[in-house]
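Chemist: Spelled out, the chains give:
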Amino acid sequence: QKEVEQNSGPLSVPEGAIASLNCTYSDRGSQSFFWYRQYSGKSPELIMSIYSNGDKEDGRFTAQLNKASQYVSLLIRDSQPSDSATYLCATRRAGSYQLTFGKGTKLSVIP
Amino acid sequence: KAGVTQTPRYLIKTRGQQVTLSCSPISGHRSVSWYQQTPGQGLQFLFEYFSETQRNKGNFPGRFSGRQFSNSRSEMNVSTLELGDSALYLCASSLGDDSPLHFGNGTRLTVT
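Taken in sequence, the protein lines are chains X and V.
Sequence positions in the first sequence follow the numbering used here and run 1 to 111.
Sequence positions in the second sequence follow the numbering used here and run 1 to 112.
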């Protein structure tokens, strides 16, 4: 069973701090990696996608990928209360048409 | 550009009934996927369609089926509903194989 593991949280950080969300995956064939944000009662919204080792930055978000360690992370700088949501990590193996999701980490940014 | 549109937003059905959910992808997206989301299991893959062909199916019973039309719109059907089918059903579309998925607002199905 190919799995994606995330700490369920809740992860609480003060406003303005850096939130660090982590994800490990078991399928070494995974080639594409995605972070989605899901507000309560809403659908998942794509935050970042990353395909190669290293860092990828987009505004306040940085995704980090280490395929050797089978580890993906998402850093949120200058966290805002509006960032409070569940963050879902997803992987996709090469040639596959499906995403495998973790169960998500609930982030709470305290004003 | 309009996003992924799912209808209806909410459904209440009784055990044993069947239900059809509809999804219109983002314009130009030819791949449509369906996922089931429950608090216990999280997001689980149901199936994926590209150009009217089902390319992959998740580990769900045959009661769950789907199809895609020539205009890329997709429907999924669940027959003989069970209480455990109560979930948020999410449709997502993408441009192709390595592109990210973009989700619709979902259909909340409640089976009583």
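These are computed hints drawn from the structure, not numbers from a lab.
Mixed in with the good hints, there may be bad ones.
Subject to a maximum C-alpha distance of 27 Å in a straight line, what follows is the list of computed DSSO-like cross-link-like pairs (lysine-lysine) [what the hints assert, rightly or not]:
1) X:LYS2 to V:LYS13
2) V:LYS57 to X:LYS103
3) X:LYS42 to V:LYS13
These stretches of chain X come out as covered by chain V in the derived footprint (C-beta under 8 Å, 3 or more residues) [stated by the list, open to error]:
4) 13-27
5) 75-84
We put the CB at the ideal spot given by N, CA and C, even for glycine.
Chemist: Check each numbered hint against the structure and report the violated ones by number, ascending.
Modeler: Numbers 1, 4, 5 - these are the hints that the structure violates, sorted from lowest upward.
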